[in-house]
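Trainee: Now for the letters of each chain:
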Amino acid sequence: MGKDFTSALRPAIVMTILFAALLGILYPLAMTGIGQMIFPSQANGSLVSANGKVIGSTVVGQAFTSDRYFQTRPSAAGKGYDGLASSGSNLGPASQALVDRVKPDVARRQAEGATGALPADLVTASGSGLDPDLSPAAALVQAPRIARVRAMSVDVVRGIVARSTETSILGEPHVNVLGLNRTLDAAAR
Amino acid sequence: MTFQGWFLILGFVAILLALTKPVGTWLFALYEGRRTPLHTVLGPVETGFYKLAGIDPNQEYGWRRYAVHMLLFNATLMAFTYAVLRLQGALSGNPQGLAGLSPHLAFNTAISFTTNTNWQSYGGESTMSNLSQMLGLTIHNFLSAATGIALAFALFRGFARRETKAIGNFWADATRVTLYLLLPISIVYATFLIASGVPQTLSGVVDVQTLEGAKQSLLLGPVASQEAIKMLGTNGGGFFNANSAHPFENPTALTNLVQMLSIFLIGFGLTWTFGKAVGNTRQGWAILSAMVILFLAGVTVTYWQEAAGNPVLHHLGVAGGNMEGKEVRFGIAASALFSVVTTAASCGAVNSMHDSFTALGGMIPLFNIQLGEVVIGGVGAGIYGFLLFAILAVFVAGLMVGRTPEYVGKKIEAREVKLAVLAIAVLPLMILGLTALSSVLQQGLAGPLNKGPHGFSEILYAFTSAVGNNGSAFAGLTANTPYYNGLLGVAMWVGRFFIIVPMLAIAGGLAAKKYTPESAGSFPTTGGLWVGLLVGIVLILGGLTFLPSLALGPIADHLAMISGKLS
Chain A
1 MGKDFTSALR
11 PAIVMTILFA
21 ALLGILYPLA
31 MTGIGQMIFP
41 SQANGSLVSA
51 NGKVIGSTVV
61 GQAFTSDRYF
71 QTRPSAAGKG
81 YDGLASSGSN
91 LGPASQALVD
101 RVKPDVARRQ
111 AEGATGALPA
121 DLVTASGSGL
131 DPDLSPAAAL
141 VQAPRIARVR
151 AMSVDVVRGI
161 VARSTETSIL
171 GEPHVNVLGL
181 NRTLDAAAR
Chain B
1 MTFQGWFLIL
11 GFVAILLALT
21 KPVGTWLFAL
31 YEGRRTPLHT
41 VLGPVETGFY
51 KLAGIDPNQE
61 YGWRRYAVHM
71 LLFNATLMAF
81 TYAVLRLQGA
91 LSGNPQGLAG
101 LSPHLAFNTA
111 ISFTTNTNWQ
121 SYGGESTMSN
131 LSQMLGLTIH
141 NFLSAATGIA
151 LAFALFRGFA
161 RRETKAIGNF
171 WADATRVTLY
181 LLLPISIVYA
191 TFLIASGVPQ
201 TLSGVVDVQT
211 LEGAKQSLLL
221 GPVASQEAIK
231 MLGTNGGGFF
241 NANSAHPFEN
251 PTALTNLVQM
261 LSIFLIGFGL
271 TWTFGKAVGN
281 TRQGWAILSA
291 MVILFLAGVT
301 VTYWQEAAGN
311 PVLHHLGVAG
321 GNMEGKEVRF
331 GIAASALFSV
341 VTTAASCGAV
351 NSMHDSFTAL
361 GGMIPLFNIQ
371 LGEVVIGGVG
381 AGIYGFLLFA
391 ILAVFVAGLM
401 VGRTPEYVGK
411 KIEAREVKLA
421 VLAIAVLPLM
431 ILGLTALSSV
441 LQQGLAGPLN
451 KGPHGFSEIL
461 YAFTSAVGNN
471 GSAFAGLTAN
481 TPYYNGLLGV
491 AMWVGRFFII
501 VPMLAIAGGL
511 AAKKYTPESA
521 GSFPTTGGLW
531 VGLLVGIVLI
541 LGGLTFLPSL
551 ALGPIADHLA
561 MISGKLS
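Protein chains in written order, with my numbering: chain A, 1 to 189; chain B, 1 to 567.
Simulated from the structure, these hints should not be mistaken for laboratory data. Positions of the beta carbon are idealized from the N, C-alpha and C atoms, including for glycine. Worth double-checking, as some hints may not be accurate.
Claimed, not checked - Far from chain B, by Cβ distances over 12 Å, these chain A residues were calculated:
| # | residue |
| --- | --- |
| 1 | Ala107 |
| 2 | Ala125 |
| 3 | Arg145 |
| 4 | Ala147 |
| 5 | Arg150 |
| 6 | Met152 |
| 7 | Ser153 |
| 8 | Val154 |
| 9 | Asp155 |
| 10 | Arg163 |
To be verified - What follows is a set of in silico ranges between Cβ atoms, one per label pair, in the way DEER data are often shown:
| # | chain 1 | residue 1 | chain 2 | residue 2 | range |
| --- | --- | --- | --- | --- | --- |
| 11 | B | Val440 | A | Pro104 | 32 to 42 Å |
| 12 | A | Ala162 | B | Glu212 | 17 to 27 Å |
| 13 | A | Asp100 | B | Leu441 | 22 to 32 Å |
| 14 | B | Ala214 | A | Glu112 | 44 to 54 Å |
| 15 | A | Thr6 | B | Leu52 | 12 to 22 Å |
| 16 | A | Glu166 | B | Ser567 | 37 to 47 Å |
What the hints assert, rightly or not - Straight-line C-alpha distance at most 25 Å; calculated BS3-like pairs for lysine-lysine:
| # | chain 1 | residue 1 | chain 2 | residue 2 |
| --- | --- | --- | --- | --- |
| 17 | A | Lys3 | B | Lys51 |
| 18 | B | Lys418 | B | Lys513 |
| 19 | B | Lys165 | A | Lys103 |
| 20 | A | Lys103 | B | Lys451 |
| 21 | B | Lys165 | B | Lys451 |
| 22 | A | Lys53 | A | Lys79 |
| 23 | B | Lys165 | A | Lys3 |
| 24 | B | Lys514 | B | Lys165 |
| 25 | B | Lys565 | B | Lys165 |
| 26 | B | Lys215 | A | Lys53 |
| 27 | A | Lys79 | B | Lys451 |
| 28 | B | Lys215 | A | Lys79 |
Please model the complete structure; the sequences and the hints are all you need to start from.
Mentor: Take a look at the structure:
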């Protein structure tokens, strides 16, 4: 057994070095080359610019808290939508802390004029804390507020939501909040 | 539950069933050491590696040497990663300027990735440099997967061969699987991910000014290259803390479907390879049938519970299913399905936070791991784990109806049954023992985020995930402490290698046996009766032991949830 052991040391060490070079260096570098050449936008984070400034990524969510915009879901990433600290709340279903967080959010939406039961995603934190989307229902609930603040017709705001909604047979209908709010800004101008 | 949700779930299974034979055939070629079309390109790499390392790929070994080679390789890889993580601060490829990891975190992480667990005590974006992700972690995603498949091959040979000691050459098995299966698929897969919006760059943080004028920092890096093999090799260690819930890891519903498919792809294929290796593909289909039945039962419960939602929130005026911890682009069905897939296999990637699932919805992922991740299972580990149960099933059937215990032409005798029980007993002993310990020690009780039964579930899930080499978590638990890092590290090591060694001993013993042709006295191991027996054995032997612990955690949590008793 001792001889087995020493005779297997060389393959173990050499194979570790060779595979480290192939899988740990060459493979990621090759993929980086392919990505940067063929899909440079996506490979660099799908960033969007306006007026020469980078304003975000189409893929990753950012915080919207102003009444003028469609607001995003609660976020447990850092202090909210922290791109360096993705996280869910990890609160259990019967947690007091969860109830304490949801209750004021529900009251706020009702004060804004929402009626009936609220869409679940509007008052729950996502898995990543960086969810870029809302459900169409969660966006529509906010339409009256936005119409009021921006002095637009509610139907126009609803129309923007409808046009921005993406559907997929593999997931749920959703609307990208950054895209939605940019459309909103453009429509107001 | 919606029609669309079930369409996704059943469509998902149908795609995999269609891919089982093609993937199984490819794996069979690697099992046999046959030439594949890819040898034209990668053949020289393979022979070059052998030459430099002094390996004769045609030399086959008995089970002890096979085990020594596998263990030594894995120990070397682990030491290598430990060094990379500790020295991170002094190495390049570190645009964020992150410091090296603490000894206990580096120890935990090195074991975690070596054992195909990919438990993450750390938040990727604030801990790991690009070089650590590539050189320290990505290589394990390939090689721990290759190790698992190699070990499955060794066990297949034990069943298939007659009166020999040799069960193969570990170096050749692992190298072939890496070069001709994992690497080529990963290249195509990573390209698809990049096209879909997963970053792949060597740069680090980008600062943006949001539409509301706030500053947001986004972390980029070599994400796609790691993401592809993370799923394909059932590893599960994410580039980011939020894993596959993070939009940069899993940006669309389509990438989500492909990620789920890739977790199961090799596991489905290996059942066919097994059947082919023992000369009757119906043997493979029988195993796969039992696995799929257990899988669909789990999906049904989790999807039903998550779609029904959380009554605590319903009382507050919130509609619909449980969206806490879930992403809108996936929704309920694709999140529930992902959670069952990732825990049925030993993947452990998550696209939603299991900690925030409804009590029973979150119990299924936990239970899946406690069964030993034999429902499809991790690449290689799933099928060898399942075959241990098959050995026990023929033994139990033999006791019940007086048939001679035989399986695919080999007599199952006292030695095989003892070793199989030894391997299977590791799970409950370690999981329940360590959970009990942590439920009374101060260091253990400091971990959970949630109070009450849910806090107990967090501890139970952590040790279940570690011993089962899954890597998913009820992530509220603060595990980056010397206590949890150390104990979970040991749990992962024992959970992997204390099952593998008895399994290889069985392989060696079986290879030495004569072929016993099927006779009127044999218990048939292909029909519906056999499939039912397998399902029963997995549930009774694998699951029943854990029932009391589930009653203390998820079931108590469920009762609290429906009665509105908060903690």
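Trainee: Each hint should be assessed against the structure and marked as holding or not.
Mentor: Hint-by-hint comparison with the structure:
Not every beta carbon of chain B lies more than 12 Å from that of A/Ala107, the smallest distance being close to 9 Å; the non-interface claim is violated. The non-interface label for A/Ala125 is inconsistent with chain B: the shortest C-beta to C-beta separation is roughly 6 Å, within 12 Å. At the 12 Å boundary, the C-beta of A/Arg145 stays outside the reach of chain B, the nearest C-beta of that chain being 16 Å off. No beta-carbon of chain B is positioned within 12 Å of the beta-carbon of A/Ala147; the least distance is around 19 Å.
The claim that A/Arg150 lies off the interface holds: its Cβ sits roughly 14 Å from the closest Cβ of chain B, which is beyond the 12 Å cut-off. Interface exclusion of A/Met152 from chain B stands, the closest Cβ pair being 17 Å apart, more than 12 Å. No Cβ of chain B comes within 12 Å of the Cβ of A/Ser153; the nearest lies about 22 Å off, and the non-interface call holds. At roughly 21 Å from the closest C-beta of chain B, the C-beta of A/Val154 stays outside 12 Å, upholding its exclusion from the interface.
Distance check on A/Asp155: its Cβ is at least 23 Å (rounded) from any Cβ of chain B, clearing the 12 Å threshold; non-interface status holds. With a cut of 12 Å on Cβ distances, A/Arg163 stays outside the contact zone with chain B, its closest approach being about 18 Å. The hint said 32 to 42 Å for the Cβ distance between B/Val440 and A/Pro104, and at roughly 37 Å that hint holds. As the Cβ distance of A/Ala162 to B/Glu212 is approximately 24 Å, the hint placing it in 17 to 27 Å holds.
About 29 Å separates the C-beta atoms of A/Asp100 and B/Leu441, a value consistent with the hinted range of 22 to 32 Å. Roughly 22 Å separates the CB atoms of B/Ala214 and A/Glu112, a value that falls outside the hinted 44 to 54 Å. Distance hint for A/Thr6 and B/Leu52: a CB-CB separation of about 18 Å, consistent with the stated range 12 to 22 Å. For A/Glu166 and B/Ser567, the hinted distance range of 37 to 47 Å is satisfied, since their beta carbons lie about 39 Å from each other.
Restraint check: the Cα-Cα separation between A/Lys3 and B/Lys51 comes to about 21 Å, which is no more than 25 Å; the hinted pair holds. As the CA atoms of B/Lys418 and B/Lys513 are separated by approximately 17 Å, the hinted pair is consistent with the 25 Å bound. Pair hint B/Lys165 plus A/Lys103 does not hold up; C-alpha atoms about 67 Å apart against a cutoff of 25 Å. Restraint check for A/Lys103 and B/Lys451: satisfied, since their Cα atoms lie roughly 19 Å apart, inside the 25 Å limit.
As the CA atoms of B/Lys165 and B/Lys451 are separated by approximately 54 Å, the hinted pair breaks the 25 Å bound. Taking the CA atoms of A/Lys53 and A/Lys79, the gap is about 24 Å. The hint holds against a cut of 25 Å. Pair hint B/Lys165 plus A/Lys3 holds up; C-alpha atoms about 19 Å apart against a cutoff of 25 Å. Using a Cα cut-off of 25 Å, the hinted pair B/Lys514 and B/Lys165 holds, with the two alpha carbons roughly 12 Å apart.
With a C-alpha separation of about 61 Å, the suggested pair B/Lys565 and B/Lys165 falls outside the 25 Å cut-off, and the hint is violated. The hinted pair formed by B/Lys215 and A/Lys53 meets the criterion: a straight-line CA distance of about 12 Å does not exceed 25 Å. As the CA atoms of A/Lys79 and B/Lys451 are separated by approximately 23 Å, the hinted pair is consistent with the 25 Å bound. About 12 Å separates the Cα atoms of B/Lys215 and A/Lys79, which keeps this hinted pair within 25 Å; it holds.
Hints 1, 2, 14, 19, 21 and 25 from the earlier list are contradicted by this structure; the remaining hints agree with it.
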